[in-house]
Amino acid sequence: MNKKQVIDVLNEIGLLLELKEELPFKARAYYNAARALELEDADIDELVSQNKLRQVKGIGEAIAKKITELVTTGHLEYYERLKKEVPPGLIEMLKIPGLGPKRIQTLYKKLGITTIGELEYACIENRLLELEGFGKRTQEKILKGIEYVKRYQGQFLYSDAKAAAEQLLIEIGDVIDGISVISIAGGIRRCKEITKDIDIVAASENQQEVIDAFVALPSVESIIASGDTKASVHLRSGINTDLRVVSNLQYPYALHHFTGSKEHNTAMRHRAKRMGIKINEYGLFKNEELIKCSDEHDFFKALGLQYIPPEIRENMGEIEAAEEGKLPDLLKSSDIKGIFHVHTAYSDGSATITDMVNAAFAKGYEYIGISDHSQSAFYAGGLKPEALMRQWREIDELNESLRARKVFKGIECDILLDGSLDYDDELLSKFDFVIASVHSHFNLSKEQMTARILRAIANPYVTMIGHVSGRLLLARQGYECDMDAIIEACIEYGVALELNANPHRLDLDWRYCGLAKSKGVKIVINPDAHNVDGLNDMEYGIGIARKGWLEAKDVLNSMNLDEIIAYLAAR
DNA sequence: GCCGTTTTCGGCCCGACTGTTTTCAGTCG
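Numbering (our numbering), first residue to last: 141 to 711.
Please keep in mind that the hints were generated in silico from the structure rather than gathered at the bench.
Hints should not be assumed to be uniformly reliable.
To be verified - Quick list of simulated restraints, FRET-style, between CB atoms: (1) 706 x 186: 35 to 43 Å; (2) 197 x 671: 43 to 51 Å; (3) 676 x 223: 41 to 49 Å; (4) 209 x 318: 55 to 63 Å.
Heads up, the beta-carbon is just placed ideally off N, CA and C, and yes, glycines get one too.
Let the sequences and hints guide you as you build the complete structure.
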């Protein structure tokens with residue numbers, strides 16, 4: 141059992157304990173242990189075999205014993221017993237806004253409700269009204285919540301949520317007076333690949349008026365909650381939005397607070413407390429006295445920290461690094477000098493090569509790599525060798541007319557079932573670059589899939605591995621593969637890993653960027669564009685790269701044209 | 001269940017809003 145699975149089990153035990161109405165702090169202990177494990181660099185097998193679990197802060201005797209059982213036997217008696225005591229539908233119910241462990245427990249005990257379907261039916265029959273602490277409004281709210289969960293699963297792609305949030309800011313700016321400064325906060329500001337709502341923080345000296353105007357906006361479908369300083373609404377677009385309005389003086393603290401993450405905030409508060417400082421959304425307080433900050437830079441400075449960019453506020457080492465002045469100089473859009481992985485009408489793209497090239501150069505890129513699909517990708521109009529010859533002639537002609545710019549000939553080459561590539565080596569050797577990607581047979585075992593990808597990495601003509609996990613966010617789980625082994629192989633063979641910037645993929649996951657970076661694997665941020673607009677997706681890839689602590693030197697396509705020509709020639 | 005400049009017991013981050021209460025528990029972020 142790997143680390144990720146152990147973490148999942150610990151978190152689920154926490155949920156189960158809450159649902160069982162155990163002591164709340166016991167549940168929290170399991171969450172803390174899961175989090176501690178997540179932040180721990182050491183290998184889980186090593187921690188267990190060398191008896192080092194107890195040295196991890198947050199893991200005590202009881203949990204260490206459970207983790208050991210889990211890792212050595214793949215099984216945990218305590219967990220299995222808990223699962224038998226709590227129907228799985230109860231965990232599902234936690235997704236319904238307004239329902240937490242306590243109420244779910246009541247519904248289960250008093251009405252015998254074990255699934256969302258049963259709950260919906262019970263609401264329709266007005267059966268919740270007979271319960272103490274429940275009323276008509278609560279029942280209506282739960283019904284609405286069920287509808288929301290069924291309709292959207294309550295989750296949105298970063299790109300969709302960000303677009304909706306920016307649109308909303310424009311609407312607010314047009315309609316609402318008296319706001320001195322406003323910002324998107326929450327997961328969108330942190331560039332999380334998936335988000336469940338929009339968080340907005342605004343500063344105003346007329347808080348109530350701003351709240352009232354906000355909940356009356358045309359794009360607001362219904363109001364979930366509305367108080368003096370805070371409102372929650374369902375937007376017509378289907379996304380929940382929280383607005384928090386504070387005074388001008390409170391704004392920097394509130395912006396930090398509502399940007400999160402929750403884990404980052406908790407760690408910041410613990411740290412501040414040790415310094416004798418209290419943090420809340422209204423300020424930093426030492427002995428009840430406000431420490432004045434005019435922006436977030438001041439805020440971190442007051443706590444003895446470097447400014448921590450929002451993307452990396454996940455309590456994954458950023459606070460410790462900021463303490464030592466060792467935060468990375470995160471990648472910027474302007475660091476990117478060119479792009480690879482662009483499809484054209486030769487395969488499943490919709491634009492001509494000339495259109496894509498012109499659009500890329502208009503964005504200031506020095507080079508663009510064209511990479512249509514290879515011959516086995518029937519579904520995507522993969523290119524037979526004859527079509528490739530035509531494409532190469534077209535690219536050669538284009539290049540003749542260019543100065544200080546270049547179009548590279550590439551391919552997104554399918555990795556076949558056995559790990560071989562979709563053209564012979566003779567043909568592969570003629571490309572400027574080769575992206576090797578898995579597009580079929582997703583259901584292999586982890587071992588088979590890893591071996592398949594490792595074989596592709598070992599091919600001397602492969603420049604980079606495309607969308608390494610194959611995931612489609614909110615739609616398809618990535619296939620199982622051993623990322624540690626893949627990263628090791630990439631170093632050995634000098635192959636780069638793609639960070640696919642398409643908002644449905646954002647694959648390599650940012651959680652692996654640090655590992656790749658520490659091992660010295662180059663990351664290449666690619667748009668995987670299928671039309672001219674697709675080039676704009678680079679923005680999302682760069683955000684995720686920042687989230688993964690990447691700097692310009694870690695990213696292949698931050699090389700300028702001369703450097704990249706030399707790099708590709710040396711491959 | 002974990003932890004310790006509050007160290008083997010008694011805490012465990014902090015505050016807004018809602019609904020159902022008549023002073024507060026539950027949920028959320």
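Verification of the supplied hints:
Checking the proposed 35 to 43 Å range against residue 706 and residue 186 shows it holds: the Cβ atoms sit about 40 Å from each other. Distance hint check: the CB atoms of residue 197 and residue 671 are about 50 Å apart, consistent with the given range 43 to 51 Å. Under the hint 41 to 49 Å, the C-beta atoms of residue 676 and residue 223, about 45 Å apart, fit the expected range. A hinted range of 55 to 63 Å for the beta carbons of residue 209 and residue 318 is consistent with their spacing of about 59 Å.
Hint compliance for this structure: every hint is met.
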